[in-house]
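So the sequence lines, in the order shown, correspond to chains A and B.
Counting from 1, one number per residue, gives the positions in the first sequence under my numbering.
Counting from 121, one number per residue, gives the positions in the second sequence under my numbering.
For the record, the hints were derived by calculation from the structure and aren't laboratory data.
For glycine and all other residues, C-beta sits at the position ideal for the given N, C-alpha and C.
Just to be clear, a hint being listed does not mean it is correct.
What the hints assert, rightly or not - Restricting the straight-line Cα-Cα distance to at most 27 Å, the calculated cross-link-like pairs of lysine-lysine (DSSO-like) are:
#, chain 1, residue 1, chain 2, residue 2
1, A, K19, A, K63
2, A, K13, A, K63
3, A, K23, A, K13
4, A, K63, B, K159
5, B, K229, A, K63
6, A, K23, A, K12
7, A, K63, A, K12
8, B, K229, A, K19
9, A, K23, B, K229
10, A, K19, B, K160
11, A, K63, A, K23
12, B, K229, B, K159
13, B, K229, B, K160
Stated by the list, open to error - Anything over 12 Å on all C-beta distances counts as not near chain A; from chain B, calculated:
#, residue
14, E121
15, T219
16, E227
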Amino acid sequence: QVQLVQSGAEVKKPGASVKVSCKASGYSFTSCYMHWVRQAPGQGLEWMGIINPVGGSTTYEQKFQGRVTMTTDTSTSTMYMELRSLTYEDTAVYYCARGLLWLRSEFDYWGQGTPVTVSS
Amino acid sequence: EIVLTQSPGTLSLSPGERATLSCRASQSVPGSYLAWYQKKPGQALRLLIYGASSRATGIPDRFSGSGSGTDFTLTISRLQPADFAVYYCQQYGITPPITFGQGTRLEIK
């Protein structure tokens, strides 16, 4: 069965970086695209960007441009999302989610979420 | 970007009742590229409906989606205890960005 297993909770100081991983199993890793979505406390879901595991091409939401990097490791079927220059507003649960098509796709499987807390 | 507004924010109903959740878009969603998700505490988000009206694999037929253009609806025909959760709509017709509604909390009355 398809599974997306994310790394554990993180606590970071303002200005630091965080790198969240998402390990895929149960399907051909290179056949689907991966999105990252976050949810701040009391807020809705916010799309951050998408990565193609083949070649690593990305499209990022404009507000994260210059601060986020999404990468993949096809040898371990793992995707990564690094967010830099963290502020308190980056406190959120970060999710990976699978899409079958580039951008124009629903997300058929989601990771369990990785809480990231930014605190001094 | 397309802004999605879900209503009501909270819906209080009893098991066996019918739930109607609304998702309104700030502009027309082309191709009816709209999905609905269910979120329960401690669980991953679950895809219920895609393409506005197609049920995802394994989703019971008491869940149905309808609508086009700017107005979409998720209907749960006979609420079961497991259905009480938070529901989100998502549009992927005009991207980037992909956008989500703020959610409707369905609670037991």
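How the hints compare with the structure:
The suggested pairing of A/K19 with A/K63 holds, with an alpha-carbon distance near 18 Å, which does not exceed 27 Å. Distance check on the hinted pair: A/K13 and A/K63 sit about 21 Å apart at the alpha-carbon level, within 27 Å; holds. Between the alpha carbons of A/K23 and A/K13 the distance comes to roughly 25 Å, so the proposed pair stays at or under 27 Å and holds. Restraint check for A/K63 and B/K159: the C-alpha separation of about 25 Å stays at or below 27 Å, so the hint holds.
As the CA atoms of B/K229 and A/K63 are separated by approximately 39 Å, the hinted pair breaks the 27 Å bound. At roughly 22 Å between alpha-carbon atoms, A/K23 and A/K12 fall within 27 Å of each other, so this suggested pair holds. Between A/K63 and A/K12, the direct Cα distance comes to roughly 20 Å. Compliance with the 27 Å bound is thereby established for this hinted pair. Proposed proximity of B/K229 and A/K19 is contradicted: the alpha carbons are some 41 Å apart, above 27 Å.
For the suggested pair A/K23 and B/K229, the alpha carbons sit about 39 Å apart, so the restraint of at most 27 Å is broken. Our distance criterion of 27 Å between C-alpha atoms is met by A/K19 and B/K160, whose separation comes to about 25 Å. Simply put, A/K63 and A/K23 have alpha-carbon atoms about 26 Å apart, close enough for the 27 Å limit, and the pair holds. The suggested pairing of B/K229 with B/K159 holds, with an alpha-carbon distance near 19 Å, which does not exceed 27 Å.
Between B/K229 and B/K160 the CA atoms are separated by roughly 17 Å; this keeps the pair inside 27 Å, and the hint holds. Distance check for B/E121 against chain A: the nearest CB is about 9 Å away, which does not clear 12 Å, and the non-interface claim fails. Listed as outside the interface, B/T219 is inconsistent with that label: its C-beta sits roughly 7 Å from the nearest C-beta of chain A, within the 12 Å cut-off. Taking the minimum C-beta to C-beta distance to chain A, about 16 Å, the non-interface status of B/E227 holds against the 12 Å cut.
Checked against the numbered hints listed earlier, the structure breaks hints 5, 8, 9, 14 and 15; every other hint is satisfied.
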